[in-house]
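A.B. asks: Sequence:
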Amino acid sequence: MAKNEKKMVDAITPMDEDFAQWYTDIVKKAELIAYTSVKGCMVIRPYGYAIWENIQRILDGMFKETGHENVNMPMFIPESLLQKEKDHVEGFAPEVAWVTYGGNTKLEERLCVRPTSETLFCDHYKDIVHSYRDLPKLYNQWVSVVRWEKTTRPFLRSREFLWQEGHTIHATAEEAIAETEQMLGVYTRFCEESLAIPVVQGKKTESDKFAGAVSTYAIEALMHDGKALQAGTSHYFGDGFAQAFGIQYADKDNTLKYPHQTSWGVTTRLIGAIIMTHGDNNGLVLPPAVAPIQVVIVPAAMHKEGVLDKARGVCAQLKAAGIRVKLDETDNSPGWKFAEYEMKGVPVRLEIGPRDIAANQCILATRHNGEKTPVSLDSLTESVQAKLQEVHDGLYAAALENRKNRTYQCRSIEEIQAALAEKDGFIEAMWCGDEACEDEVKAQTGAGSRCIPLEQKHIADTCVCCGKPAKCMVLWGKAY
RNA sequence: CGGGAUGUAGCUCAGUUUGGUAGAGUGCUUGGUUUGGGACCAAGAUGCCGCAGGUUCGAGUCCUGUCAUCCCGACCA
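Residues 15 to 494 in my numbering are what the first sequence lists, from first letter to last.
Don't take each hint at face value.
Stated by the list, open to error - No farther apart than 30 Å at their CA atoms in a straight line, the calculated lysine-lysine pairs in the DSS-like style are these:
1) K223 <-> K492
2) K223 <-> K418
3) K386 <-> K42
4) K333 <-> K318
5) K78 <-> K140
6) K418 <-> K241
7) K78 <-> K43
Claimed, not checked - Distance windows between CB atoms, simulated:
8) T114 <-> V157: 17 to 27 Å
9) K164 <-> D407: 12 to 22 Å
10) K164 <-> G260: 27 to 37 Å
Think of the hints as simulated: they come from the structure by calculation, not from any bench.
In this text the structure is predicted, and so the values were computed from the model without any measurement.
A virtual CB, placed ideally from N, CA and C, is assigned to each residue, including glycine.
With these hints in hand, go ahead and build the complete structure from the sequences.
C.D. replies: Have a look at this one:
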């Protein structure tokens, strides 16, 4: 026992000791990723990819429900195309990867590997949008993009990452703005209802906007270590891209007009958010909606007559009810299996042994709080389904509680410094709207502006930095 | 891109100071005993010592370069 305990401690670095190492241990030991020989490019292993597939499936359904269609753009962008919108190219140029040869032929024009696909969509919209009848186009694609980051971390910042990028084009600014807001809402619902991650919706400040956008909205989540993670973004472009790319449509009154565009995206970073929101010192903790395995069945005294048959029966029954269930029939010891599936964050574990079978029950253990309760085999499916919902609610409540405990309202830079000296977290503080103050707060506290929350609070009358009249409340925090 | 650390078996690492036959634990394979919180015994397999140069009779060990990973900053989903 003592030996076993030591092993488990060795298995993973405690969160409080070294949060970054804890994170790295989890992504490797839960078999989410493997490194490759190219910096910042990782193998997303089956267990990690299965989480992404669940994210995709749910989000894709939400996109379809709101009228979007999937398309697929090429991964190469000619340099001249990338350069059509000035702010956009300036924002992305430093981190694009280039292709200059096709086979052994030097290309006449070098091609950039897409860091994002606004330019490709615009080039296409130019050809297919001519009339108000052609609008809107509500497109999305699930692809990978490349950004040549200097420092990389699995899921949080890799050079190639998987994402979805929605690109829509509308007749009017109002419609486009409504779309931007709608998709921010979709992301918020998804994070809260499927990932059990509470988020703050807000607008980015001018300095933090997406390259080429009129306005950028984002959802911000607070990780377990008190750092902020941007979990999704939604941009309104106005007609700037349309002008740069020459996209025009004839309106009902036969005048030529520039359409208005949006784009929005979430990435595999969401998996990083799940890890850092719900994980603990025993490993990953997955929200049931995206867990590749929702229920693992661990038979005890597996060799005893009837145990395996019963376990298989239970497995089939849960599977028939649409639950993602796995029965582990390997000859590893039960203790090994407990630790293994805890590491992998499986939300619910069922233990079935001779004693349980005799009592017509099994033991149901929940990963997030370690509780074990006996449940009757007669109503097992219902019990498991109810428990999965309970787990989700418990995860969400705990994450919300953590955010609440770590959100500080500050009226001066000194108060911010004092709050962050205790523990990193979100700072709610007023801002005059001046970029110099934004920079000053970051320089003095380490906390940058995360967003201007849609839900505003009145903390004070004056800017936290310069003391001039405040325009709005800003959410500040140290960021990933 | 600056500062620091590390690359040796699938994994964690020792060996580098003082150059001389490639090591341990764990995992893996096989057989047996086990199985209600990471079981035990026995036998076996596994190495471009990150990569490229150099010094040397001889390099895991010394020198130069390079690549990757981790941490801390600046930039970013």
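A.B. asks: State for each hint whether it applies.
C.D. replies: Going through the hints against the structure:
In summary, the hint linking K223 to K492 is supported, as the alpha carbons are separated by about 17 Å, within the 30 Å threshold. Of the supplied pair hints, the one linking K223 and K418 holds, its CA atoms being roughly 27 Å apart against a limit of 30 Å. Between K386 and K42 the CA atoms are separated by roughly 28 Å; this keeps the pair inside 30 Å, and the hint holds. Pair hint K333 plus K318 holds up; C-alpha atoms about 24 Å apart against a cutoff of 30 Å.
Between K78 and K140 the alpha-carbon distance is near 24 Å, which keeps this suggested pair within the 30 Å criterion. With a CA separation close to 13 Å, the supplied pair K418 and K241 stays within the 30 Å bound. The suggested pairing of K78 with K43 is violated, with an alpha-carbon distance near 35 Å, which exceeds 30 Å. Between T114 and V157, the C-beta spacing of about 22 Å keeps the proposed range 17 to 27 Å intact.
A beta carbon spacing of about 40 Å between K164 and D407 contradicts the range 12 to 22 Å that was offered as a hint. In this structure, K164 and G260 meet the distance hint of 27 to 37 Å, their C-beta atoms being roughly 35 Å apart.
Violated hints, in rising order: 7 and 9; the structure is consistent with all others.
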